[in-house]
Amino acid sequence: MKAKTIVALFVVFAVAAWSPGAWAQGPIKLGVQAPQTGALAKHGQEQVKGIRLAVDEFQKKHNVQVDLKVYDDESDAQKAAASIEKLAGVDKVHAVVGGYGSHLVGPASEAAERYDTPYFTTGAVDRKLSAKKLKNFFRLNHMPGYAAAQSGAIKEALGAKKVGILYNSLSATAEIAQEVKDQLTAKGVEVPVFEKFEKGTTNFKPLLLKVKDAGCDALLVEGYFPDYVGTIKDAKILNLPVKAYVGAWGIGTPEFVRELGPMSEYVYGTSIWEMGTAPKEAKEEEAAMVAAYKEKFKEEPSYIAMLGYLSGKYMLEAILKGGKASGSYSPEKTREALRSLDVMSPMGRIAFDEKGDPKYFTAALFQTQKGAQVVIFPTDRKMGEVVYPAVPWGAK
Amino acid sequence: MKSRTNGEGLRDKVAGANPAPVTIAPMTQPATGATLLEARDLSKHFGGLRAVASISFRVRQGEIVGVIGPNGAGKTTLFALLSGFLPATSGEVLFEDAPILGLRPDTLCHLGMARTFQVVRPFPEMTVFENVKAAAVFGKQGRRSNQEILSDVEEVLRATGLAPLAGQHPPSLSLPQRKRLEVARALATRPKLLLLDEVLAGLNPKEIQEALPFIRSLNEKHRVTILMIEHNLRAIMGVCQRILVLNFGQLIFDGAPSDAVEDARVIEAYLGGQQHA
Amino acid sequence: MISATSVVQSLLSGMAEGVNYSLYCLGLAFVFGIVRIINLAHGEFLVLGGYIAYWLLVKWGVNPLLALPLAAAMAGVAAFVSYRVFLQRIRTSSELNTLILTFGLGIFLANLYLQLWTADIRNIGVDWMEQPLSFFGIYVSVGEILTILISLAVVFGLYFFLTRSRTGMAIRVTAIDRDAAALAGINVERVDLVAFTIGGLLAGVGGPLLGMLAHISPGAGLHITVKAFILTVLAGVGSIPGLLVAGMILGVGEALTVTFINASYRELFGFALFIAILVIRPSGLFGRRL
Amino acid sequence: MGNLTRAFVSERTAGCIVTGFVLALPFLLSFNPYYTSVFVSALILGAVAIAWNLLAGVCGQVSFGHAAFFGIGAYTSAVLVTKWGFSPYLGLVAGGVFGGLGSLIIGIPAFRLRGPYFALAILGFAEVMKLLALNLTWLTEGSLGIMNIAPLPPLEVGSLKIDFYASRTTNYYVVALLMFAVYLVVYFLRRSNLGLAMSAVHGDDETAAGIGVNVFRTKAIALTVSATCTGVMGAFYAHYVRFLSPDTAFDGYWSVMPIVASLFGGMSALIGPMAGALVITGLDEFVFKRFFETGHKLFFGLLLAVVIVWAPTGLLGNRVGKRSEGDKR
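Chains as they are written, first to last, in the numbering used here: chain G, 22 to 417; chain V, 8 to 284; chain F, 6 to 295; chain C, 5 to 333.
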C-alpha cells in the first residue's frame with residue numbers, strides 16, 4: 022500500500038516534473054512582421070490571414086497556446102528592421118514569420134540574425150537574401166523556381182519562338198525578368214523586346230507596340246496586379262497579335278478574376294499554389310485549409326495566404342518539435358527542426374538547403390480557363406490541356 | 008576704409024536723442040562738383056509701354072537732387088534701373104565714370120549706392136538692431152572688426168533716433184519709425200549716393216519738418232549725395248538744389264526748383280495729369 | 006524596326022493619356038490658381054470619386070451617366086467638408102501650413118479608404134467601353150473616346166464657367182486681386198470655399214476615368230498629386246486651356262520616349278521637362294492669369 | 005551684441021531640454037532595442053529636419069526635395085564602401101560632400117525661382133536623382149538595390165569596444181551626436197554674419213541685395229550646408245539600415261517628413277524641428293499604434309491636420325518663438 026502510494030506519488034512527481042517542464046515553457050511566442058499599410062499592404066494582409074489560420078489550427082491540434090504578435094512594417098525598410106527589434110528584442114518571440122518584399126525582408130532578416138531568432142519568409146525571392154548565408158533565414162519560395170516554370174513552359178508547352186518581356190522596375194520583377202531572359206536565350210528562344218517600366222505606368226501602348234512590331238509570339242509581363250490590368254486593357258484596345266499572355270505572380274488570383282471578368286481568361290501565370298494544384302499526398306490538407314480559410318475569412322485563399330499559412334504551420338511545428346526534444350524553445354533547436362523538415366505540402370515537397378532556400382521549389386505555370394487555374398507545366402503537375410493560341414483580350 | 012568722426016549732431020535735432028559724436032559714411036572725395044552719377048539715354052520698356060524713355064541727366068557730388076512727376080511718370084522705375092533692380096532696355100549709367108548697368112544691386116551697394124523703398128521693406132523677423140547691423144556688415148566689402156561694425160550701427164541708430172527701439176521688431180514700429188529704419192539701413196551701408204524713394208510720404212507736416220533738416224544734414228555734414236523722389240513739392244523745394252521732372256517716362260525739366268514752377272511743360276504735366284486723372 | 010503605324014498609334018495614345026492627365030490635375034491647378042492652396046489631398050479626392058463610381062457601376066450596376074456625377078458630387082462634398090472643418094481656419098497663416106494640413110488630410114483619407122475598402126486594387130470595367138474600334142490600322146476603344154470627350158467637356162466647361170458665369174467671374178477677379186475683389190463687394194471667403202469645392206468635384210470626375218483606364222487603390226492618390234503638380238507648373242498657374250496642351254506634351258513626350266528610346270526613361274522625361282521649364286520659363290508655358 | 009545674445013537665451017533653454025531628453029531617452033526606454041531603433045529613425049529625421057529648417061526657416065527657401073540630398077549621401081557612401089572598400093566613416097564624410105555638391109547642381113539654376121517654384125524644382129530634382137539611381141545600374145545596382153552595406157566599424161577606446169552592428173544604443177548615440185553636430189552647425193551659422201545675411205534674404209531678398217548682401221551666394225551657402233548635413237544623415241542611414249534601393253533612399257518621406265516635423269515643432273526655433281520629429285514619432289509609436297494595428301496612420305494624418313489648425317506656428321513656435329521676441333523687447 023505504502024509502496025504503491027510511493028510509486029504513485031513518484032510517478033505523479035515525475036510526470037509533474039517532466040510534463041510541466043513542457044508546459045512550463047508556456048505559450049509559444051510567434052512574431053509576425055508584415056506590411057499592413059503602405060504599398061505592399063495588400064499582400065501583407067493576406068499573408069497575415071494565412072498565418073492566423075495556421076495559429077488557430079496549431080492551437081487546436083496540439084493544445085499549446087500561441088501568442089501571436091503582428092507588427093506592421095508600413096512597407097518601409099527601417100520599420101521592418103525595427104519590427105524585428107521589437108519582436109525579438111522586446112517581446113522575445115521564439116521565431117518570426119511573414120515579411121513581404123525583398124527590400125523589407127533584407128533589413129528584417131539581418132535584424133533577426135542579430136537576435137538569433139529564426140526568420141521564415143514567404144514574400145521575398147531575391148537571390149541576394151540567401152547569399153548572405155544567415156543561419157536563421159528560411160523561405161518557402163525563391164526566384165529560380167519561378168523563372169524555370171516560365172521559361173520551361175514558354176519553350177516546351179507553348180513552343181513560342183519570340184518573346185517580348187516587359188518588366189516592372191521594382192527589385193523582384195527586375196530580377197526575375199533578367200533570369201527568365203537568360204534562361205530563354207539559353208534555350209534558343211529569341212527575346213527581341215526586353216524593357217523596364219516604372220510602377221504607376223498607365224499608358225502601356227507604346228511598349229506593346231514594340232512587342233507587336235517585333236512580331237513576338239508571347240508577351241511576358243513581369244509585374245504586379247496593376248501592371249497586368251494596364252497591359253491587358255491596352256492590349257485589348259490594340260488588338261495585340263500575340264498568342265499568349267504570361268504574367269509573373271499575383272495573376273489569375275480570385276481577386277484578379279473578380280476585377281477583370283472575361284479579360285482574365287487565358288492568362289498564364291506562375292503559381293506556387295492554386296486551388297487544386299496540390300500533389301496527391303497533400304490534397305486533403307489543401308481542402309481542409311481552404312475550407313477553414315473560407316470559414317474564417319469569408320473569402321477564397323490566395324497563394325499568398327497559403328504561403329503564409331504554410332510558413333506559420335511549419336514554423337510552429339518546428340518550434341514545438343525543437344522544444345519537445347530539448348525542453349525549451351531555443352532558436353538552435355527550432356532551426357534544426359526546420360532543417361530536418363521534409364514533407365509534401367500543397368505546394369509540393371518542402372525541404373531547406375543550408376542557405377535556407379527551398380530545395381525542391383518549383384513554381385507551376387497555369388492558364389486561367391473559365392476562371393479557374395489549370396496547371397499546364399511542369400508536365401507532372403499538369404491539370405489540363407493548354408489553350409494556345411489564346412489571349413485574354415480575344416475572349417468573349 | 009576709415010571712418011571719420013563728426014563732432015556735430017545735427018540729426019539729433021530730428022531724432023530728439025542726446026547729442027553724440029557720429030560716424031557715418033566715409034568721405035572719399037570732397038564735394039567738388041565732379042559728376043557722381045550720369046544716365047545716358049536710359050530707357051525701359053515693359054512690352055509696349057515706355058516706362059522710362061531715353062532719359063539723360065547728371066548728379067554731381069554733394070548735390071541734393073529731387074525727382075518729381077505725376078503718378079506713373081516712371082520715377083520709381085528710374086530708381087530701379089539706377090540701383091540695378093531692373094535691367095534697362097537701352098542706355099547707359101555711369102557711377103564715378105564707370106558703367107554700372109547690369110551690375111547686381113549688392114555690387115552697386117558695395118560701390119557706394121544705397122536706396123530706400125517707397126513702401127518700406129524692413130526684415131520683419133529681425134530686430135531694428137539686426138536690420139541695421141546687416142546693412143553695416145554687408146554694405147561694404149572687406150572685413151571689418153566686430154567693434155567697428157557695432158560702433159557704426161550704434162551711431163546710425165542714434166543718428167536716426169532709433170536707438171531706444173533697437174530691440175524691437177519692425178512690425179511693432181510706427182510708420183515714421185519704419186521710414187527712419189529704412190533710411191538708417193541705407194545709411195549703414197555708408198553710401199556715397201543715397202537714392203530716397205518718397206521717404207516723406209505718409210508723414211505728417213510736423214514729422215516732415217523734423218525730417219528735412221536731417222536729410223540736409225546727411226548731405227552737408229556727411230557729404231552724401233542724394234537723389235530723392237518726392238511727392239511733397241514744398242519739401243522738395245526746401246531741400247533740393249536741383250530737380251528733375253518726369254512725365255510719361257520722359258525727362259521734361261532739369262534745373263533749379265524755382266524755375267520749375269514757371270516751366271510751361273511742368274505746369275502742363277501736373278495740370279494735364281490732374282485733368283485726366 | 007518600329008512601323009509608321011505604330012508611331013502614329015503611340016502618338017495618339019500619348020495624346021489620349023495627356024488629355025486624361027489634364028483632367029486628373031484640373032482640380033489641383035484650379036485650386037492652386039484661385040485659392041493659392043497646394044492641395045496635397047487632391048489625389049485622395051480623386052480616388053474617392055473612383056471608389057464611389059466603382060461601387061455604383063460595378064457593384065450596383067448604376068448607369069454611368071448617373072454614377073459619374075454622383076461620384077464627382079461625393080468628392081465635392083469631401084472637399085467642402087475638408088475646407089469648412091480645417092482649411093478655413095488657417096487661411097491667414099503661411100502657405101506651408103496649408104501644405105502640411107492637406108498632406109495630413111491626404112494621409113488620413115488614404116488610410117481611411119484602406120480601412121473601409123481594403124487594399125484590393127479595383128478596376129472599373131464596363132464591357133462596351135472596352136471594345137476596340139479600328140480606323141486605318143489605328144485602334145481606339147469606345148471608352149478612350151468617351152473619356153477624352155468627358156475630359157475635354159470638363160476642361161472647356163470649366164473654362165466657360167469661369168469666363169461666362171457670374172460666380173466664375175467672381176472667382177477670376179478674386180484670383181487676380183483679392184483685395185480689389187473684396188472692395189468690389191465679392192465675398193472672397195465664400196469664393197475660396199466654392200473654388201475648393203469645385204476643385205474636389207473636378208477631382209471626383211477624374212477618379213472614375215482613372216478607374217476605367219487604369220485602376221484604383223487606396224494609395225493611388227499621391228502619384229496623381231505629383232503628376233498634377235508637374236502639369237500645373239508646366240502649364241503655368243492659372244491657365245486652364247494651357248493644361249490641355251501641357252498634358253498632351255507630357256503624354257506624347259512620355260509615349261514617344263518609350264517608342265524611340267526606352268521605357269525606363271519615360272518618367273525621367275517628365276521630370277527633366279519639368280525642371281527645364283521651371284528654369285527656362287518659371288511662369289510655365291502659358292503662364293498668364295485666368 | 006547684447007541684443008543678439010539675449011535673443012538666443014530661450015532657444016538655448018529649449019535646446020538644453022531637448023538635449024537632456026535625447027541623452028536620457030535610452031535610459032527612459034530601459035535600452036529596449038525596439039524603441040531605441042525607432043528613435044534612431046526619429047533622430048535621423050530630426051537632424052534632416054534641422055538641416056531643412058536652416059534653408060527654410062532661417063534663409064526662407066523652402067525645399068520639397070531634401071530626399072535628393074539624403075539619397076545622394078546614402079548612395080555615395082554605400083557605393084564607396086561596398087564597391088571600393090572605403091571606410092564607412094569616410095563614407096559619412098563623402099556622403100556629406102556629395103550631398104552638398106549635388107545641391108549646387110540644382111541650386112544654381114533654381115535660385116532665381118521664388119517660393120513654391122523653388123520648392124518644386126528641388127522636388128523635380130529629387131525625382132530625377134531617384135530615376136537615375138534606378139537606371140544607372142552599373143553604379144547603383146538599379147532597383148535590386150545595394151544589400152549588405154557594412155555597418156560602422158567598431159570603435160575601440162582603450163579597452164572599451166563600441167560596436168555598431170548589434171547594439172542599437174550605440175547607433176542611437178552616434179546619430180544623436182550627428183544630430184547635435186548638425187544643430188551646432190546651424191546654430192553658429194545663424195549667429196554669424198552669414199546668418200544675418202540669411203535672415204535678411206528671408207525677410208526680403210531684394211532689400212537684402214540693396215544693402216549689399218550677395219543673395220545668390222547666401223542662398224547657395226544655406227542650401228549647400230543644409231544638403232551636406234542631409235547627405236551625412238543619408239550616409240549614416242545607409243550603414244544603419246544596411247540596405248539601399250532607389251525607393252528607400254530617395255523616398256518622398258525624406259522630403260515631406262522634415263517639413264512636417266519642422267512645422268509641427270515650430271520653425272522659429274532651431275530646435276523646433278528636432279522636437280517635432282521626436283513628438284511625432286513618439287505619438288505614432290506609443291499612442292496610435294497601441295490602439296490600431298493597421299489604422300494608426302489614419303490618426304497620424306488627422307493629428308497633423310488638427311495641430312496645424314490648432315497651433316499654426318508649431319508646438320515650440322508659440323513658446324520659444326514668442327518668448328525670444330519678448331526677450332528682445
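These aren't lab readings, by the way, just hints derived from the structure by calculation. The reader is advised that the hints may include incorrect statements.
Reference listing, derived: stretches of chain G covered by chain C, where coverage requires no fewer than 3 residues with Cβ under 8 Å from a Cβ of chain C [what the hints assert, rightly or not]:
| id | region |
| --- | --- |
| 1 | 124-134 |
| 2 | 167-173 |
| 3 | 179-193 |
| 4 | 362-372 |
Each residue gets a CB set at the ideal place from its N, CA and C atoms; glycine is no exception.
Hints, one by one, checked against the model:
Residues of the region 124-134 of chain G with a Cβ under 8 Å from some Cβ of chain C number 4, which satisfies the need for three, so the listed coverage holds. Remark: the region 167-173 of chain G is not confirmed as covered by chain C, as 0 of its residues place a Cβ nearer than 8 Å to a Cβ of that chain, below the required three. For the region 179-193 of chain G, the assignment as covered by chain C holds, since 3 residues bring a beta-carbon within under 8 Å of that chain's beta-carbons and 3 suffice. Using a Cβ-Cβ cut-off of 8 Å, 0 residues of the region 362-372 of chain G lie near chain C, which falls short of the minimum of three, so the contact claim is violated.
Checked against the numbered hints given earlier, this structure breaks hints 2, 4; the rest are met.
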